[in-house]
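As given, the protein sequences belong to chains X and L, one line each in that order.
In my numbering, each residue carries its 1-based index in the first sequence increased by 4.
In my numbering, each residue carries its 1-based index in the second sequence increased by 31.
Please keep in mind that the hints were generated in silico from the structure rather than gathered at the bench.
Heads up, a few of these hints could be off.
[Said to hold, decoys possible] Straight line, CA to CA, 20 angstroms or less: simulated SDA-like cross-link-like pairs of lysine to any residue:
hint	chain 1	residue 1	chain 2	residue 2
1	L	K327	X	Y171
2	L	K436	X	K172
3	L	K327	X	R199
4	X	K72	L	L452
5	X	K172	L	V466
6	L	K484	L	V70
7	X	K172	L	L452
8	L	K436	X	Q194
9	L	K436	X	V25
10	X	K172	L	I447
11	L	K436	X	A198
12	X	K114	L	V466
13	L	K436	X	K72
14	X	K114	X	Y171
15	L	K484	X	A198
16	L	K484	X	R199
17	L	K436	X	D168
18	L	K484	L	S210
19	X	K172	L	V448
20	L	K484	L	L242
21	X	K172	L	V499
22	X	K114	L	E467
23	X	K172	L	V70
24	X	K114	L	G396
25	X	K114	L	V70
26	L	K436	X	P279
Given next are the chains, with one letter for each unit.
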Amino acid sequence: MSFFLTLLIAFPLLAGLAVMVFSSPDDGDFPRWGALVAAVVNTCASLGLLSGALAGEHGWLLRSFEEKRAWVEAFGIHYWLRVDGFSTFLILLTTVATSVAVAASWNSVKSRAHIYFGSILVLSGAMIGVLASADLFLFYVFWEIMLLPALFLLGIFGGSLRRDALYKFVIYTMVGSLLMLVGVVFLGAQHLAARGTWDFGFDALYGLPLSPGAASWAFLAFVAAFAIKAALFPFHTWLPTAYSQAPMPVTFLLSAVMAKLGVYGLLRIAMPMFPDAAQTAAPYLAALAVAGVIYAAFAALAQDDAKLLVAYASVSHLGVILLGAFSFSQQAVVGTVFHLIGHAVTTGALFLLVGFMAERRGSTLISDWGGAARVMPVFATFFMLMMLAAVGLPGLSAFVGEFLILFGAFRDYAVLAALAATSIILGAAYMLWWYQRTMFGAVTQPEVARLKDLTLREGALLLPIMLAVIGLGVYPQPVVSAITPASVQYLARFGVEPDKSPTASPKNLEPLRHQSREHAHQEPVTSH
Amino acid sequence: MLTYAPLFPVILLTLVALVAMLMSALVRDASRTGVFSAVGLLFVMALSLQQWGTQQGPANILGNAVTVDGYSYFFYVLFCLIGIVTVFIAMPHLEREQAQRGEFYTLMLFSLVGMFVMVSSDDLMTLFLGFETMSLAIYVLVGWRRHQLRSNEGVLKYFFLGSLAAAIFLYGIALIYGSAGTVNLQSVAALLTAPGSALGVNGVFTVGVLLVLVGVGFKIAAVPFHMWTPDVYEGAPAPVTAFMATAVKAAGFALGIRLIAFLFEHQQLHDIAHIILFYGAILTMFVGNFFALAQKNFKRMLAYSGIAHTGYLLVGMLALPEAGAGTAVLYYLVAYALTNLGALAVAAFISGREEKFDNLEDFSGMAWRYPLAGICMAVCMFSLIGFPLTAGFFGKYMLFAAAFKANLAPLVVIAIVNSILSVYYYLRVVVVMFVEPVAENAAAPETMPLATKAVLAYTVAAVVWSGVGTFNVTPFFPGLVPLRAKAEASMKALTAIPQARVSTGTVEGKSSAPLQANAPLIH
């Protein structure tokens, strides 16, 4: 039994609590350094997973990370951790994003720094826990723990309207999680009825015979929880307020990782555990997703506050991702997981840039800017690249995922996919317009003329993101082929055969098909 | 002599109460009476745990007027725990209010005696004695700050309404006696289930049972008998509020569960009770939560939140025939007691002298001034919401799981909707304490007394520990009453009842599971 995943989760959690408890407000830089060291160490450690994902051609090495212990035996609740192609890259994303968020908040947090940096670490640990859980109950526990540090980060360190944002965020989230709790209890009770014991392990719940009527309600309960997190239209209204009120590094973390966990939950739990209900409801949910794509794009066009603009842009792109999550083709599923990362990188970078802008100018209102490219050319270059990536320029990270999703979704929902494709045009419109108003033109305001260009620290933060944007865009194949086995397994639960597609070369597919069947019937590895 | 051994905890507690009474007359330093009461309760708790561990089935003594079984022991331990924590909340509080008197502790001990009798009586008259012993002592405690208008209003309301409830309860007993010819619960149950008996369809008997239920509904603050709660909770000193919100409510539920187990064996009566409880639960949940949303005073808010929790517990009572529902209700009571004790201990401390600052806005920013109080309040509020890794979460989870199994899915959905409503007002407390700046008119900063610190640390540890670890570890630790033992207790209580009566049909299917040390909590 390996302890690797436990360490990956426990280390940031404990380090975060230690930072909160063992330092006081007047400890100066201790919380910063403590959090940074912990985050970077965890990032390096998480690279170990990468070896598993990329080295074993079919992800077999990932199985060796599995851990399973009894937690509450009477209820069939396990402490059960596992990773696969879906979760590996998201865990990596989480650890990297944590390090970046800590570094990005270096100067912006003045008071109560120990609470701030401790909360970021706890949030990171909880998010890794969500991604690594292989037991529904454990998943739920981590899912809820995630809310607490987010609540503190938004409530204590947020902007002037943070209280409203906080209530909206927490109440939306809690509504979702309480509904999910009903779903969890329902699935457990169904397992009890069908097999005579309580069990919450994912493997036990996949393929469970469910009574159709109740199952569709339970499916909707799960979807509500995940859709709220992933800001599916019309459950997205918490997102713009929360994103614009939270400190920018926190927004970065929320948008890069936490919103993605909603989609992850759909792919991991809601869809495959209720295949029939999912297939019935998917067209309607996909329609909502596309409605969100277009609505949020128009909303983004209308914003004068860059924070809100990026927030709405993020809702719009999440709509595309959700469209992929509600489709049942190989390309769409692979594209969805890929775009979770691709979108995280671009939107995250944009929020960081907005944060830097806010630190410099003291305002993120677009009308307070203009002509900044003359004053800060390096910044403008980075900004240009990230903006083009967000728009979906071929050769950059977001393009691959978006293309795969639209391509895959087209088979299931031709009209919806065509409508969603307009987001690329609208996205180009609001992004380029924003860039033009902020960076180009004459410098009309004296404050803008005094702005400083990108500092070394900021550049060092953006550099890895930029490399990821280009790397994922130019050579996505390793990541795509690492995601593929998991997506084949996922689609098998809906009876969808893996097809010959540009995403999975025949060389990969044949053994995969074989393997997926093996996995489906194989008993979970249990070593005590 | 050994026949009466199961009564030793009650006898010991009565002795402790009597000595405390003497001490309050003879010893000048009243805090010594407090310490003596806490130590005495600790001994009573140890004795109860010891007897609980070694008991062989239910003991029917004193001509079947008293039955001491695992169920009773469970509540003995819970009451002792609440009593000890209350003493620790009360000592520094009364010191500050300059109302430190030995009689406070004596009265609390006597009300505990009443509760002990309530949870171990098998006879409606004995039960009523316990009921009144408890109530009378509490009336005095509620009016402890007799110079305060709020306190006077509270005690007057509680006394009049409480007396009315007691009268109704007694009238119900009279009607039951009139129609059944006995007040012994086992005999009544035997008569109900005897072949050819018409007792179950007897109108007088039915009315009697319903009147008894009204008395219980008053004590547990079920709608529509909840009117007294907010005023009394607000008017009573915070330690008394804590004691009432936890111990009195637990005693009421203990009584309710026992009555339901005995009196509703008859199908028709059961159906009537089912309908009443079903709609009562819905009403109680909604009224509690909706009114709690609007409260500005912290103790009033907790009063309405307590009403809402009564509603959740009623859902559990409806599911009672289901094995596991008993465990769920008992566990929920423990979780609820721990969280309320913690929350009210915080309120007792930070609301300052004479509790002038017990409005929610007076708590602004207090988490930064008193970090331990902030943490404790946050943990308790999240436990009341039902947040994972707290006691409240597993309480709710077990309750809902049992209700699901008992085909009460609509009630589960309603309970979830109510939990969602409740998020706002619990969250508001946390937000006020952590997010808002320190209130200008708040009480002056003071150092936290050791006793308060101990209570806060204890409730945080207990609430979190019960949410994380109780399942696999069996801690012999007061307050973290081992869940397995809890399950055992409820199982024993539920299995003991059918054994004790003339068994005819209906009961066997409900709880025939044999008792095993490692039996699953929910089957």
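Quick rundown of the hints versus the structure:
| no. | hint | in the structure |
| --- | --- | --- |
| 1 | L:K327 / X:Y171 | holds (17 angstroms) |
| 2 | L:K436 / X:K172 | violated (34 angstroms) |
| 3 | L:K327 / X:R199 | violated (49 angstroms) |
| 4 | X:K72 / L:L452 | violated (36 angstroms) |
| 5 | X:K172 / L:V466 | holds (15 angstroms) |
| 6 | L:K484 / L:V70 | holds (18 angstroms) |
| 7 | X:K172 / L:L452 | holds (13 angstroms) |
| 8 | L:K436 / X:Q194 | holds (10 angstroms) |
| 9 | L:K436 / X:V25 | violated (43 angstroms) |
| 10 | X:K172 / L:I447 | holds (18 angstroms) |
| 11 | L:K436 / X:A198 | holds (13 angstroms) |
| 12 | X:K114 / L:V466 | holds (16 angstroms) |
| 13 | L:K436 / X:K72 | violated (28 angstroms) |
| 14 | X:K114 / X:Y171 | violated (24 angstroms) |
| 15 | L:K484 / X:A198 | violated (49 angstroms) |
| 16 | L:K484 / X:R199 | violated (48 angstroms) |
| 17 | L:K436 / X:D168 | violated (39 angstroms) |
| 18 | L:K484 / L:S210 | violated (54 angstroms) |
| 19 | X:K172 / L:V448 | holds (17 angstroms) |
| 20 | L:K484 / L:L242 | violated (43 angstroms) |
| 21 | X:K172 / L:V499 | violated (29 angstroms) |
| 22 | X:K114 / L:E467 | holds (17 angstroms) |
| 23 | X:K172 / L:V70 | violated (47 angstroms) |
| 24 | X:K114 / L:G396 | holds (18 angstroms) |
| 25 | X:K114 / L:V70 | violated (48 angstroms) |
| 26 | L:K436 / X:P279 | violated (24 angstroms) |
Checked against the numbered hints given earlier, this structure breaks hints 2, 3, 4, 9, 13, 14, 15, 16, 17, 18, 20, 21, 23, 25, 26; the rest are met.
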